[in-house]
Amino acid sequence: MDFAAVIRVALRALGRNKMRTILTMLGIIIGVGAVICTVAIGEGASNQIQESLRNLGDNIVFVSAGSVNHGGVHMGSAATKTLTVADAIAIGQQIPLMVRISPGVGASAQLVYGNQNWYTHVRGVAPAYFQIRRWPVQEGGIFTQHDVDSSADVCVIGLTVVQNLFGDENPLGKTIRVQSLPFRVIGVLAPKGQSPFGQDEDDTIIIPYTTVQKKIAGISWVNFIMGSASSQETIKPAQAQIAGLLRERHHLRPDEDNDFMVSSPTDLAETQAQSGRIMTLLLASIASVSLLVGGIGIMNIMLVSVTERTREIGVRMAVGATEQDVQMQFLSEAVVLSLLGGTVGVLGGVAGSMAVSSMLNWPTRVLPEAIGVAVLFSAAVGIFFGYYPARKAARLDPIDALRYE
Amino acid sequence: MPEEMVQSRPENEIAASPSGAVIYADNLHKTYFLGEVQVHALRGVSLSIARGEFVAIMGASGSGKSTFMNLVGCLDRPTRGRYLLEGQDVSKLNNKELAGIRNRKIGFVFQGFNLLSRTSALENVELPLIYSGVPHQQRIERALEALRAVGLEGRESHHPAQLSGGQQQRVAVARALVNSPSIILADEPTGNLDSRTSVEIMEVFQRLNKERSITILLVTHEPDIALYAKRVVTFKDGKVRRDAPVDDPLDAGEVFRTLPALDQDEEEDKD
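Residue numbers (the numbering used here), protein chains in the order written: chain G, 943 to 1347; chain L, 11 to 281.
Note that these hints are calculated values from the structure, not bench results.
Take these hints with a grain of salt, some might be off.
Below, computed lysine-lysine pairings styled on DSSO-like, alpha-carbon distance capped at 27 angstroms [to be verified]: (1) G:K1334 to L:K106; (2) G:K1334 to L:K102; (3) G:K1178 to G:K1134.
Covered by chain L, according to a simulated footprint, are these stretches of chain G (three or more residues, beta-carbon under 8 angstroms) [stated by the list, open to error]: (4) 1249-1259; (5) 1335-1345.
Quick reminder that beta carbons are idealized off the backbone N, C-alpha and C, glycines included.
Using the sequences plus the hints, can you model the full thing?
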């Protein structure tokens, strides 16, 4: 029998019991649909995490002043004075894996413009910071190394600050007061939205770090050093090298803890993505249990069908069907059944994830690979669960089969 | 394949098979093992049937005639003895080879018609051709020709449920005929039919036998049906008890003409 004939015979046999066929397929449809849907939701979520990770900055390595252990008493990181601008320069010069470096000083301050005021987070950084964070200005410009060297009173402000201080007014060139010091607004940052950790990134004012050190915070050390590694892959080795360099520079004995922390927001986001993947995997495996149940349903129906059609099998054998022919016939019926179910399930899964997207506002992404795997898997279910009934049919003795009532 | 096999075993053909014999059974034994009990269904049957013969097999149930038919139909293998079909020893073939032999050399007609339900007459007749790999167009032509031969032109697309018993059996005969087999084996073909329809079916068999020289082997327990054959073989206790030609076989066509005509209504019913 040629392939087309085999498929035609299978379709015809399935068409004879439409209700039964549909109910049997339902198991596979639900299974495949559920798998496609959960994978699409999980993929959408992890996609979102990747997106926000990219938004965070360019292969960021973050060094913060860490807690110091003074005779058993842990001090807060703000009390640590050992992280310096010189450390930042040393990292930039001695660790080639780091392509950009900016020291950073953080403070909170009251901003005043006209009769408006706004309490926000002040960041004192170098010009490289804007590149490290992939954070361009949408209007005006950023400050220069010259501004840093001269501790200039210039600032770049985020959109939230603009809205709260200026309303509809154009802030460029205006002067705002930060703790009674006048600063000229030279740029407005492009909107960045929420950080992966839930903060409003646009609620900030960025000033040369030297200015913050000398005129606002009154300190000589820095709170953090931020930099970009040359690539995603070099983040980890760069972190290790920075730790080594800083331990050396801070003269730490081998038994002493670090007085700084080297981290990467990628770590955190990775962890998030990882737990999301585990969740997806879990849900998908629960969903695939129903594929298994669907497969058992196919096997059950095929066994019933073989029994019902014992005489037909006998007739086919009498007129010359070989065991392989009979086996092929029933196996192809099972496979057509599960493949049809798989195809409908894929359509249902895609429709379902689109519904989830539009109704619950969750990001979803249907991977072509997931569709391929689902279809292949349903075919495999058909072969696996169709094999035994088909074998049973093929093993029938034609004499007994012809006599079967 | 069968030609090759014959060539590879020339001694079979020459030494054992009388020339012209379609069926040559030599001391066939068949023993079934039902648990501890041995059932000797055939105890040494030797029979030779030549091309173009029309043989009726008779015997009580348990006489071994069904077992013999299963062996002749290549549905089963003998425990002992040899069976040559057109000179080819088929008693040692495996299941796949037997399926091929059934497909090309044997046409079955059963008591219960055994047509595939919800499948058109044409497709039922086509069935053996599907398994012998005949291309689609040719299948249809040959199936139509077989249906014409049994007088069923115009009923190709009818399903078995839409046909009378006699017509269903004629579809079965067409199916048995379509692969031009060496022999047609009919197992109680009139068992489920009334006497008038039985005569119709016998007429088809006689015509095929006469016009196409098709060898026919017919199992029946009705003596008046056996009279349409040219030779009657009677089985008893697993052996051939009597093997005799029929002196003056009935002509089904003539018998049919002597039957009282049906009412118009009944005629309609039949269609």
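Open item on the list: Checking each numbered hint in turn, tell me which of them this model violates, lowest number first.
Closed with: none
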